[in-house]
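**Q** Protein chains in written order, with numbering that gives the first Met the number 0: chain A, 0 to 277; chain B, 0 to 403.
Read the hints as simulated data drawn from the structure, not as lab findings. Check each hint, because a few of them may be wrong.
Unchecked claim - Reference excerpt, derived from the structure (chain A facing chain B, CB under 7 Å, subset only):
{"id": "1", "residue": "Asp56"}
{"id": "2", "residue": "Met58"}
{"id": "3", "residue": "Ala59"}
{"id": "4", "residue": "Thr77"}
{"id": "5", "residue": "Tyr103"}
{"id": "6", "residue": "Val129"}
{"id": "7", "residue": "Asp130"}
{"id": "8", "residue": "Pro132"}
{"id": "9", "residue": "Leu153"}
We put the CB at the ideal spot given by N, CA and C, even for glycine.
Each chain, letter by letter, is given below.
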Amino acid sequence: MTTRIDTRFAELKSQGRSAFVTYVMAGDPDAATSLNIVKALPKAGADVIELGIPFTDPMADGPSIQAAGLRALKAGMTLKKTLDLVRDFRKDDNVTPLVLMGYYNPIYIYGVDKFLTDAKSAGVDGLIIVDLPPEEDDELCIPALKAGLNFIRLATPTTDDKRLPAVLANTSGFVYYVSIAGITGAAAADANAVGEAVARIKRHTRLPICVGFGIRTPEAARAIAEKADGSVVGTALVDALKNSLDAEGRATAKTVNAVAELTAALAQGVKGAQQAAE
Amino acid sequence: MNVAKPNSYRSGPDERGHFGIFGGRFVAETLMPLILDLEKAYTAAKADPAFQAEMNGYLKNYVGRPSPLYFAERLTEHLGGAKIYLKREELNHTGSHKVNNVLGQIMLARRMGKKRIIAETGAGQHGVATATLCARFGLECVVYMGAVDVERQQPNVIRMEMLGAKVMPVQSGTRTLKDAMNEALRDWVTNVHNTFYCIGTVAGPHPYPTLVRDFQSIIGNETRAQMQEIEGRLPDSLVACIGGGSNAMGLFHPFLDDPTVEIFGVEAAGHGLTQLHAASIAGGRPGVLHGNRTYLLMDADGQIQDAHSISAGLDYPGIGPEHSWLHEVGRVNYLSATDDEALAAFQLLSKLEGIIPALEPAHAIAKVMELAPKRPRDHLMVVNLSGRGDKDVPQVGDILRGKK
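Given only the sequences and the hints, what does the whole structure look like? Please build it.
**A** Following this line, the structure appears as structure tokens:
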């Protein structure tokens, strides 16, 4: 089984380039604007899209992404509408990999089997579910792999060599290395420490390794891109979106561009990186 | 319910932390190595007689255990049925049952070499107990508390600060216990290297529901021995209030395999079950939050809903996973009491027995007022008086004078 994720990372590897992965929250600040933002991301230089599933209680997220989720929920976003958004995006784009990222409860309540069928048919390529460690693989990971979706696992600074094989066992698509022990948008990642961590994980897997949490600027993205197969930026894009809203938190004429422009700047940073020799 | 009856109700959880379908370890990868370490440390501590001996010393001389089992004579006469006994957990140092669990967890933290303790709190009773033991053992203490609860439980906020703890008001979400727990988990993810998360109830990822239950089971074990001594037999029924459910689990667990003992848990029905409430079993369904699968209040999309209770300690949209299982297997009957019923019980117990209960156990007393009159005079009913009401006096005073 080859997904759009596998194809995209193979292409990038042949070009000697690190991937630029963007995260935005589905339905932030409303479903229509959110669709336009997601559509604008590949044109602005995003190689992979992570789309957040809004949830009331995002335990691993900082204030920016918490607020983005609440804006989306307030505007009526649901998991079903998130899948509708993906389906609409796929009408014009059948190559950019799209990964849903979020927490388990909305999926559990939607129904795992129905969700996997609907996600696959909508054009979702992979899942990152923050609160499903390998100890709970029977819940969603194994069924997702059977349904032909990638299950992308988070590895963290607390995942030691003894634990890494368990974390990587059912991981596919890519490995998401969380560069700091902390929540999204908190501290800045140290590129050297990240380089060591990536090298350590590479001893256990042939999968591409993308690094996220704490990357906010083109310079930081470039530094990470030199050490890893991809860098993920979320909070900075969500903040750019928020700063474009009006006083009532509604989209303005600037909203889509605000996200697209920062995406383009960050993508330039990543593309300027000298890929480390394999 | 179509769930097979187990041979024992006391053998759970399995090695993965499941009580039937409930429980589990639904946490971010950053935390997974920590909860595996905690499980290992707890297993080792349980097998170490020195750990138990040290804990027993503090339970006796610092907490003041055993807590009395008191025959509530005037309440019994007033209700005209079952003979009512109060398990006086409100007489413990710090004023509630919470200290039983905190003592155990702080001793575990010390064994694990952790110097910084974090906790979530609703009514502030768990926060006060945590701040107290951190003061006693010279540990840094940070307590997360919803901003709404900081407002309505001021006496406990002041106590925590006097004990040297830092109280962090939580402004996210509904600004109550659920959000305090989110914020504590975020702190823990950020400060994994030196921090021990002291969870206040029988919820969260495995092994917390089990270890909190074990530390609280002293309530039921003492009750069993005391009732034998006073009446020469087991009680006929047990009643306790439930937010997350730690005081209830502590009383119930030692009696789960005694089929003659009827067991009642009382959730908070807030303004009523058709309006805003905090009764997860009566009004919720199974979902995943805060590290475990359990009954939760949520909407059709799986978004967690606001809970409401007059009592900050019960104002939580979930319940411990073992309670969810005991509900499904039918061993425990889960009832609920409204804000108004709890207020009436609060006043009744104060006037008849000279004991001002916390608003949390006032919910249990409210159901005793319904259950006791329907039972014969030789029926022995134990209600867990899990906390004292000093913290609630300003709030209840305002309500009774019509200010709120």
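**Q** Against each hint, give a clear statement of whether it holds in the structure.
**A** Hints versus structure:
no., hint, result
1, Asp56, "5 Å, holds"
2, Met58, "5 Å, holds"
3, Ala59, "5 Å, holds"
4, Thr77, "4 Å, holds"
5, Tyr103, "5 Å, holds"
6, Val129, "5 Å, holds"
7, Asp130, "4 Å, holds"
8, Pro132, "5 Å, holds"
9, Leu153, "5 Å, holds"
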